[in-house]
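Protein chains: 2
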Amino acid sequence: MLKYLIIITLAAFGNFAMAAGRPSLIITQSEAEEIRSVLGHYLLIDNAFNRLQKDVEKALVEEIELPMPGEAGGYAHEKHKQNYSDMKSAGILFAITKDEKYARFIKKMLDGYAKMYPTLPAHPLAHDQKPGKLFHQMLNEAVWLLNTAQAYDCVYDWLTAEDRSLYETNIFIPMAKWFTRDHPQEFNRIHNHGMWVAASVGMIGYVMNNRDYIEMALNGTEKDGNGGFLKQVEMLFSPDGYYMEGAYYVRYAMRPLFFFAEAIERNQPEVKIYEFKDQIIKKAYYAGVNCTFPNGIFVPINDASRTMDIKAPGVVYGNSIVYDNYGEDINLLGIAKVQGEVPLNKAGLKLARDFADKESVPDFTWKSLELTDGYDGKQGGLGILRTGEGQDQTMLLMKYGVHGLGHGHFDKLHFIFYDQQKEVIPDYGFARWINIEPKFGGRYLPENKSYAMQTIAHNTVVVDEQCQNNFNRKAADQVHGDRHFFDISDIHCQVMSARADNHYDGVEMQRTMFLIRDENLEWPVVVDLYRLKSQTEHQYDYPIHFRGQLMATNFEYASNSVIQNPMGEKAGYQHLWYEAVGKVKDCPSITWLHGHRYYSVIASNQNAEVLFGRTGANDPNFNLVSEPMFLIREKAKDHLFAAVIEPHGYFNEASESTRQARPRFQQVEVIGFNDDASVVRLVGDKGLDWIIIVNNREASGITHTVTFKGREYEWTGNYSVQKSYK
Amino acid sequence: MLKYLIIITLAAFGNFAMAAGRPSLIITQSEAEEIRSVLGHYLLIDNAFNRLQKDVEKALVEEIELPMPGEAGGYAHEKHKQNYSDMKSAGILFAITKDEKYARFIKKMLDGYAKMYPTLPAHPLAHDQKPGKLFHQMLNEAVWLLNTAQAYDCVYDWLTAEDRSLYETNIFIPMAKWFTRDHPQEFNRIHNHGMWVAASVGMIGYVMNNRDYIEMALNGTEKDGNGGFLKQVEMLFSPDGYYMEGAYYVRYAMRPLFFFAEAIERNQPEVKIYEFKDQIIKKAYYAGVNCTFPNGIFVPINDASRTMDIKAPGVVYGNSIVYDNYGEDINLLGIAKVQGEVPLNKAGLKLARDFADKESVPDFTWKSLELTDGYDGKQGGLGILRTGEGQDQTMLLMKYGVHGLGHGHFDKLHFIFYDQQKEVIPDYGFARWINIEPKFGGRYLPENKSYAMQTIAHNTVVVDEQCQNNFNRKAADQVHGDRHFFDISDIHCQVMSARADNHYDGVEMQRTMFLIRDENLEWPVVVDLYRLKSQTEHQYDYPIHFRGQLMATNFEYASNSVIQNPMGEKAGYQHLWYEAVGKVKDCPSITWLHGHRYYSVIASNQNAEVLFGRTGANDPNFNLVSEPMFLIREKAKDHLFAAVIEPHGYFNEASESTRQARPRFQQVEVIGFNDDASVVRLVGDKGLDWIIIVNNREASGITHTVTFKGREYEWTGNYSVQKSYK
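Chains as they are written, first to last, in the numbering used here: chain A, 2 to 727; chain B, 2 to 727.
Any given hint could turn out to be false.
One copy or two, it doesn't matter: identical chains are merged, so the pair holds either way.
What the hints assert, rightly or not - Straight-line alpha carbon distances no greater than 25 Å define the calculated DMTMM-like cross-link-like pairs of lysine to aspartate or glutamate that follow:
#1 Lys-687 - Glu-66
#2 Lys-423 - Asp-483
#3 Lys-80 - Glu-169
#4 Lys-284 - Asp-502
#5 Lys-80 - Glu-520
#6 Lys-82 - Glu-523
#7 Lys-636 - Glu-509
#8 Lys-450 - Glu-557
#9 Lys-571 - Asp-491
Read the hints as simulated data drawn from the structure, not as lab findings.
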């Protein structure tokens, strides 16, 4: 851990900001002049400039308004957000155009804040967050400062000394004191909130040439390296760059990460921030954008919205920074094509020029990859298997890393299946209507804890209707999943396997997922082997949340169609309406329709119950989204859930055409499983007959044998798929 | 009615098909040669040609298969559909390319049918339809013949006399006999099925030069004008061209309509089919494509899918025919832009040339219009109000015409509200998973009758939890809604008003809907005045089915969140889960979120109950789609439901930005209503204060007065909107 500890001392920097001239945070005067000279030449620059100008012109004609602080998502909250955004945009426009109307706008706004800010107490509606004064939580106040510092940077030289003195005395110094002296815990916290707070103080520090602020920003309020930006970056990202809170929050963490990193690089190049921790900033970016579906939406694991995508501001900024600093990757141009703009500085200009030089820019295509988790990279990870190209990729994701702090979900060995440009077996994401005031002020809803975070809200086995780690976040943060193996050497048969042995007392779990592209099948299929091991009998629920409409099952079920109750009483089950239950006699096959394809789950369970549910019970305020699911319920000590997830056929309502509404696979037989291996046979129509073998011992490339039902199976490596077609 | 009766006698036509040469149904040899000569020049022609070629080339390499007839939507059913489609396409390709492989393909296929057809009995799975032999219902058999006739037409001259004799003896003659002699009732039926059957016999009649067939096709099996194509066209379309079954079925009826009309025009121009009934074919086309949302999807009134659009084959064919015969409307080029292709004949070529000549073709934009219903145009109608341009139009539709036969829904005075390129207050459409074999063979589901057709499934008042006309289709077909007035003279305030007095015993209903574009409001709003009149007290339920997520109400409600029962026992209520109920004390305001906007209903009811529901109860096979609704329940004799439907604000989850989650309107006060007039006051924030007056007497342009609560209101015409902003 000490490897990356860098204490930046006063001696390490000179009179930087003065030397470089202002602005110095994200754009310099010479960059601004160059951008002015190329306006009208590069689409991505023009898009960015035009958008800023449109936003700011709108703000210029409206009256400046600084409402008294209010609740999250309310009018005042949104207005102060708008204000910092407009100030920042006006600052950049001023740098580029030199039109003083922009500077006057910022001055007028800051005059207002200089009058208001000293009168404000700690915000009374902080709930369980550290308060700001303008905003209910310090986080938003730090975002305000990080943006306003950029505006201040752009007009610093234009303002009079009296103006500057007024703003610094009445706003920036008290705000920095609030962050560093009154609430140092938040400042030093290893968390994205901490990054924002530290970065914001560092940004204003560079503008004000305040070395104290800068040192604290980099190394913590005690300047000892135990807090602050560098420590946060070191601890929050795995060596592969995976962000511990997950993909939705990384796009947010990217903003302080890239804005402050770029400010450091511009003002203190001797820090070599872009080399820090083996180029962790580059890795963080690539890990982040790899955690997206082919449509550019971040995978909604942990607390996450289902629509956040690579057009988020931190990603737009980071894309050009990474392109400029780490090499001209064509995939980054593909991202820029989706984003439609670049930051207005030298990095953005470089990307925009290269973009314009290309005859055509292909869609970005990510490959299968595993991202290790934990600051040391030894705390499990995230496995992503992909097949196909561009927007038509099919993607299978399994989560087996750390819990991920307060926004973590209790969902180890959970998977998401993406196909046809949509989530087919989805993650619920968070229970939150973000920033919508009538919905609990736009904050996380109670149902986020009572449902969205619970194990049953995910596609992973639930033991005894309990949540993993008994919903104890501290306990969950102490443990993690473990990788078993991840093998993408055969592009037609990609496999990932992982364990979670510390999430249910006395139950060990191992999940192995295959993504198989077979020439005899129309679409890629998933084979899932979920093994549970325990000394005592448990109830094991294997849930599949799906999107679309149930079409068919191969078993009878009893529908609760005139009285409906919740499926259970706790651990999220209380939020599922219990719609139907079937007792299966043979391998259950469940088919639903989504988009233009059918999807079937065919499972090995010969005597299980299959329960059908839908979110919405115990939801007296209509906070949850109504979505269907089913689960396969077994009682056992040791058990192997073996299942095929098969996309099949075609349906087009508009053309009223369809084919193959029934799956090809019909039987999933568990031949045997133990601590050595699992052997499963899949049988379907037209002679489809596959034997699937997984090594359950330590991953290795040796030749194994196992005997089940009197027959010896031999294979080399971690898995084997033996196919025949009669 | 006699006005349009045209009996085509033998004397009226000569040796037409021989004279013109074959093919003669949809393309001639000289047209085919011209198309061959322009291949590669016109996008829309090339698209059509390439698609045909791709389809047929695929068919040519596969083995020809004529499975024994099976159930609807099953393999055999789909295969025989594929066969006629491939034959027809091959015929056109043969005409254009003269490549004999296409002709040989058709011959081989017809050889197979000539062997199989004589062996087939009436199809055993006809249920309540007239059977075919290849298909479970005669309808599909007629579609087969209508298409196969075109293929036969194209290869007729290439075939030997022996071939022709074989096919006619073994297939076409027995099939025509089955239609005209064994089941003349279906042939003569005033129904789209009848059109198909008659047209198919007419088409093969032209190819075979069989005057008997042609006379029957035009004038009915008795050749007396009481059945057959002309009578069907006369009776099924209103003088405005509105098709009595609704918009989903018109796209289907357009196929026999245009294919046979064009065959008549080519073979018997003396019939002047395109002038028939004051150019009813033109009107039918325009009425059909006007009954679409701005995205080109047909409004799903009556039995209808929610995705059928103007790319349907009959519309593609009709578009060029209408363009060629009735004038070069730029909107038809806009439709062709969406359709992406044209028929391969002279009409298609003309459109494709004009399309290519344009620098750019604008999106089609339809205007507000009223379509009268009934063959005489005096049986109510369909009102469509639109505001805005192209894809961004807001649209309000009210249905007050005839029932529409077996596919009619019991939904007089029902409305649909479309905004943001989607249905916001939708129609459920049909309960059917079309052609999906595991879902009841792809046929209409039981829930189509028990839910989708019922009044409560629509956005119109339900009296005493009963269906209109007690769900008696015959009774419903005897009555209709009545137009009151339809006024679009002020583009900022468009109004339609209609009555339905024969749908609930002893209850008269009048609905007046405004679509108002006001400069003080961000989006167009709807004002709805639904008046009920009865001598006895009834329960009146005012339902709003909505898409999206409930966000806020201004009243408390009790949620049935741990036990859920159906909302009622019959008339569709048994399919609604009863989620919550609130007792309102003041004007209820209910807000939901859909897409990027909020929508609120603010109603006048000061002491009503508001019930929240969701489809899915009593649905033991998951046949229904789960969708939310609420209803406002009043008990009264005479009552006026007055409500504003207000779109407001903005939400973007991806950018986490939002504004104005609460509506502007807050109060809806019924000042008074009686048989003379209704007067309502709407009050909102920032001084919003509107008085809405509707004339309830016979429509007229005179000046009216009415006195309510001691105040006299005076206005001229059918309505008045008096706005003030304090």
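For each hint, the structure was consulted:
no. : hint              : in the structure
1   : Lys-687 - Glu-66  : between (71 Å within a copy, 18 Å between copies)
2   : Lys-423 - Asp-483 : neither (28 Å within a copy, 45 Å between copies)
3   : Lys-80 - Glu-169  : within (22 Å within a copy, 79 Å between copies)
4   : Lys-284 - Asp-502 : neither (29 Å within a copy, 71 Å between copies)
5   : Lys-80 - Glu-520  : between (57 Å within a copy, 23 Å between copies)
6   : Lys-82 - Glu-523  : between (49 Å within a copy, 22 Å between copies)
7   : Lys-636 - Glu-509 : within (15 Å within a copy, 61 Å between copies)
8   : Lys-450 - Glu-557 : between (34 Å within a copy, 24 Å between copies)
9   : Lys-571 - Asp-491 : neither (43 Å within a copy, 58 Å between copies)
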